[in-house]
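Enquirer: These are the residues of each chain, in order.
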Amino acid sequence: MAHAQRVEAVIEIRDLNTRFGSAVVHDNVSLAVERGEIFALVGASGSGKSTLLREMILLQRPASGSIRVFGDEVLGLNDEQALPLRRRWGVMFERGALFSALTVTENVGMPLKEHTDLSDRLIEQLAAVKIALTGLPADAGSKYPSELSGGMRKRAALARAIALDPELLFLDEPTAGLDPLSASGIDELVRHLREALGLTIMLVTHDLDLLWRTADRVAVLGDRRILGIGTMKELSASDHPLIREYFYGPRGRAAWEQQWKQK
Amino acid sequence: MGANTGPMQMGGADLQAGSTSGEVFCTGDWTLRGVARLERHLESFAWPGPGEITLDAGGVTTMDTSGAWLLHRTIRALEERGRQVRLRGLRPEFEALLSIIAARGISVEDRVGHAESILARIGRVAWGRARNAIGIIAFLGEGSLLLARSLVRPRRIRWRAVLHNLQIAGFEAMPITGLLSLLMGLVIAYQGAGQLQRFGANIYVVDLVGLAMVRELSPLLTAIIVAGRSGSAYTAQIGTMKVTEEIDALRTIGVDPMELLVLPKVLALMVALPLLTVYTDIMGVVGGMIMARTALDVEFGAFLDRFNDAVSLSSYLIGIGKMPVFAVIIALVGCYQGFQVTGSADSVGRQTTVSVVQSIFIVIVADALFSIVFNWLDI
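Protein sequences, first through last, are from chains A and B.
With the first letter of the first sequence counted as 1, position 211 gets the number 234 in this note's numbering; the numbers rise by one all the way through.
With the first letter of the second sequence counted as 1, position 168 gets the number 199 in this note's numbering; the numbers rise by one all the way through.
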């Protein structure tokens, strides 16, 4: 049974330590994300959420510990060894990080062009499929990122992240800087993608509404450690002072009350 | 999995006609990995004769959006050719994926990139050039107006910014302009040496180096180096400020970006370029003197004696007098192209290139015009 669980863990982090100079960011952090789950990392600004995310996607190296993705240890891999893994996950950056010199279609088609030998025609069609899946209008494909609104840019970034049909999707602040309507559009999109494509999703966010609506489980980072892991319901019942502060600040309460009204 | 009587291939995606008429079996991994080969296979695939086609997808082991799209595209294409297609045996989870893609109504047709006719392209490019030219002239006018206004009321000028620009564009350009001009003087004297020696006209190396450097080459060389060093920097700076909305921020605070960013640069270059030219004149002539002594045995004393007669004061002043004009061209073209940047990193690079090419081009054209005018005036 224990073995079966291990196989199903898409991401498994053990005893992770991160230091910047003398500042300790993570002190023995451990967590596991299961297949098909929407897992959220939350915590106050500076609690090391984004650092943890960057470590998982091999943009940054921790001081010690172990990160296993799809069952393979990823720390210590060089770029060449990491490539097969990188093709199995997609990353959406907080500010989109779309290539400004390329149109949206070219942005989405770029991973396909780099990593497959499909015909240009098929690449363009597949890009159009991904763009449509993220709810962008068809004419958005020929536009440049600078011609898109913030919400559309996030969707385009998401389309690029799912270009290679990844099994695992990393989302960094998918709703930051969006109006409430666009943000709730992203909520639905995240859930929809998980159901349609069977994705495992790891997201970092401050958005309590997004957490209530999408996350299956949430890990709260704070004080260099993981303060708690569980469903939103479990965490909101926690009596840890930092977790309570996070979920029951004025804004947290509003999101919580709204959640109860809906039920 | 449904009963699979058709041939089965492990691994890559495949499509094979079955034994019963109208039956086609889809097998394997209909994922990105298999789709490339499958697409090529589909192009030459011989669909079974007339009547209904039954696609048996029971052998599809995995499917992602690319496989689902290809299946969708194939079915659509067949239906458009008037064939009846029946799909059977697809696993429910793949069925769901297929219906999501079908529901999005993505057109199978290629977007026809309407090919532009040559005439249209000529028109578009010409119109772009014309607009660019008009834009530069308008900017030149605006800049000149601002310059005139600020000279009337010099207190509006930001002297600190002027001095800062003077340091960067003028003083810090001294090593490179000096070195290049010295080399230029050396080369001209060396190239001339062989010819002059043949006629025993060694002393005329002074005329050659003196006139060429002072009147034409050292001003042009200085202008070109400054256009490359500072003109490009102006474009990149203003362009990046435009991308990050700093220009808009200046406007909302009530600061005229022209006054803050453009005017100090124009003024600084107008001072820096003539001064740099005086310096590069000297360096060029020194280069010529060194080569004259080594290759032609013209001593420094003799060189300088002859220099007085060979190069008139007016030649020297013409060389320096062109520089404020070049300065205005370089600074305004650099700033103008900076303001033309729109929204992306790519655009900053493009406008910077345009800025350097354009300012060097206009400087050389202006230099040619100067020659014609001075020829008329007989100076």
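No wet-lab data here; the hints were simulated from the structure.
Take the hints with a grain of salt, since some may be wrong.
[What the hints assert, rightly or not] If you anchor each label on the Cβ, the simulated ranges turn out as follows:
(1) T373(B) <-> S89(A): 19 to 27 Å
(2) G159(B) <-> S142(A): 31 to 39 Å
(3) G154(B) <-> A120(A): 36 to 44 Å
(4) A133(B) <-> N101(A): 36 to 44 Å
(5) R180(B) <-> R144(A): 55 to 63 Å
[Said to hold, decoys possible] Residues of chain A clear of chain B, computed beta-carbon distances all greater than 10 Å:
(6) G69
(7) Q83
(8) R84
(9) G88
(10) D102
(11) E103
(12) A105
(13) L145
(14) Q148
(15) K153
(16) L156
(17) S172
(18) E211
(19) L220
(20) T254
(21) R267
All C-beta atoms in this analysis are idealised placements derived from N, C-alpha and C, irrespective of residue type, glycine included.
Enquirer: Evaluate each hint against the coordinates.
Expert: A quick look at each hint next to the structure:
1. T373(B) <-> S89(A): 19 to 27 Å: The hinted range 19 to 27 Å is violated for T373(B) and S89(A), with Cβ atoms some 47 Å apart.
2. G159(B) <-> S142(A): 31 to 39 Å: With a Cβ separation near 33 Å, G159(B) and S142(A) satisfy 31 to 39 Å, so the hint holds.
3. G154(B) <-> A120(A): 36 to 44 Å: Given range 36 to 44 Å: holds, Cβ gap about 37 Å.
4. A133(B) <-> N101(A): 36 to 44 Å: 42 Å Cβ-Cβ, so the 36 to 44 Å window holds.
5. R180(B) <-> R144(A): 55 to 63 Å: Taking Cβ atoms as reference, R180(B) and R144(A) lie about 58 Å apart, which means the hint holds.
6. G69: holds, 24 Å
7. Q83: holds, 23 Å
8. R84: The claim stands: R84(A) keeps its Cβ more than 10 Å from every Cβ of chain B (closest is about 27 Å).
9. G88: holds, 32 Å
10. D102: Holds: least Cβ distance 21 Å, greater than 10 Å.
11. E103: Correct as stated: the minimum Cβ-Cβ distance to chain B is 19 Å, above 10 Å.
12. A105: It holds; A105(A) is separated from chain B by about 18 Å at its closest Cβ, greater than 10 Å.
13. L145: The claim breaks: L145(A) does not keep its Cβ more than 10 Å from every Cβ of chain B (closest is about 6 Å).
14. Q148: Q148(A) not clear of chain B: closest Cβ-Cβ about 6 Å, inside 10 Å.
15. K153: violated, 7 Å
16. L156: L156(A) not clear of chain B: closest Cβ-Cβ about 7 Å, inside 10 Å.
17. S172: holds, 13 Å
18. E211: holds, 14 Å
19. L220: violated, 7 Å
20. T254: About 25 Å separates T254(A) from the closest Cβ of chain B, which puts it past 10 Å; holds.
21. R267: It holds; R267(A) is separated from chain B by about 39 Å at its closest Cβ, greater than 10 Å.
Comparing the model with each earlier hint shows violations of hints 1, 13, 14, 15, 16 and 19; every other hint is respected.
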